[in-house]
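Protein chains: 2
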Amino acid sequence: MSVLTVERKVLEKNDSIAAVNRELLKSHHIFSINLVSSPGSGKTSIVEKTIEFCRDRIKMAVVEGDIQTDLDAKRVDVLGIPVVQIVTHGACHLEAALVSESIKQLPLSSVELMIIENVGNLVCPSGYDLGEDKKVVIVSTTEGDDKPLKYPAMFRNASVVIINKIDLAPYLNSSIAELEKNALSINPDLKVFKTSCTTGEGIEYWCKWLESNITRK
Amino acid sequence: MSVLTVERKVLEKNDSIAAVNRELLKSHHIFSINLVSSPGSGKTSIVEKTIEFCRDRIKMAVVEGDIQTDLDAKRVDVLGIPVVQIVTHGACHLEAALVSESIKQLPLSSVELMIIENVGNLVCPSGYDLGEDKKVVIVSTTEGDDKPLKYPAMFRNASVVIINKIDLAPYLNSSIAELEKNALSINPDLKVFKTSCTTGEGIEYWCKWLESNITRK
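Line by line, the protein sequences give chains E and A.
Here the first sequence stands for residues 1126 to 1342, numbered as in this note's numbering.
Here the second sequence stands for residues 1126 to 1342, numbered as in this note's numbering.
Treat the hints loosely; a few may be bogus.
Which copy is meant is left open, so a pair is good if it fits within one copy or across any two.
[Unchecked claim] Listed next, the in silico BS3-like pairs over lysine-lysine satisfying Cα-Cα at most 25 Å (straight line): (1) 1275 / 1316; (2) 1199 / 1275; (3) 1199 / 1306; (4) 1259 / 1138; (5) 1333 / 1259.
Hints listed in this document are in silico derivations from the structure and should not be mistaken for laboratory results.
Between the sequences and the hints, there should be enough to build the whole structure, so can you do that?
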């Protein structure tokens, strides 16, 4: 019981810092997304493709969350986009306080879209608000079509699902249609995109949706 | 700081229950493995293939851990192997106490191999000993070859790594050799298997290793 009490206090504290982050981003008219998924579903590849497609249309900044290494931040840095790496040293999710420190290091007055890439974990980040406008869950076709049923909290708390690696679907036993159906059975309000970072398919529609949400600077 | 103290107490309590589980399994001459991976890396498929290949040679029982649903236990149950489903209702890893309750429901006196399939999470289960003989981490080729570097704790604490979905390697940018190299750079003692549950490739070697570890009943 004591563990549950501590956990509740941690979440309450996190939520109050997230509210401050949300106000700060709002005051700068920044649209922000929190990308969550299992390890290897393609979060960083989606970030790369989004930068490639949108860099001439949207002013972006990125916060990278990882347990170890700055490999992901390096992948963004070479593309010339402002990026801050958070290394959690073992912690299984980002918290609002870490994001608060990070976003202050970015040129907020000229940013239109803030992309926060969470730690790869389909479970723990679901309960931690970072102050973002939308939580976006990525699930790849190779993970099997039952994942929304088995990890419902993340799909319930997200506004958008990106079904990624659709180029691999012909080689799999799982079905994209079934994956989409299962995601919508958990959360009928989910906006669904289907993408491949290898072929580029579907990236255009995802980026147009991002563009429709930003405020021009 | 209070959170860290509570966490340490939780882990100490878990370790003492895990020691009891280990003694119980040992007293029954049962070889036990704890299968860990990201969601969708193929834990349940590996369990199915192991049953298919070994059912005439090894007496098995299975403990399935899931956050929601008993889909995995049903997949094992149809194969006629004794199985217990643990539903964690949101918790991101199995703990020794849950496994303790479950294994008591299985016919231990006639079991040679106990397979515990953990919740799909490449982070949190790494710190929780369940009382198993060996922790086996599964990583699929589709997750990218950098995963051991980004989630080192799980690879450091495991004895075996199964590189799964090798049939998809021709369609990916990632490299099996690089994935193996990265896993061994984190933990040079890892025993490596390469498998495909679609083609059956490599399952034989994995099953022969299991067989070499069991005590005949």
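A quick look at each hint next to the structure:
Taking the shortest alpha-carbon separations for residue 1275 and residue 1316, only the intra-copy value of 20 Å comes in at or below 25 Å, while the best inter-copy value is 29 Å. With identical chains, the CA atoms of residue 1199 and residue 1275 are at most 25 Å apart between copies only, with a shortest distance of 13 Å across copies and 33 Å within one. Taking identical chains as interchangeable, the C-alpha atoms of residue 1199 and residue 1306 lie at most 25 Å apart only when they sit on different chains, with a minimum of 21 Å there against 36 Å within one chain. Proximity of residue 1259 to residue 1138 under the C-alpha cut-off of 25 Å is restricted to the intra-copy arrangement: shortest distance 20 Å within a copy versus 38 Å between copies.
Taking the closest pair of Cα atoms, residue 1333 and residue 1259 come within 25 Å of each other only inside a single copy of the chain (15 Å); across copies the shortest separation is 48 Å, beyond that limit.
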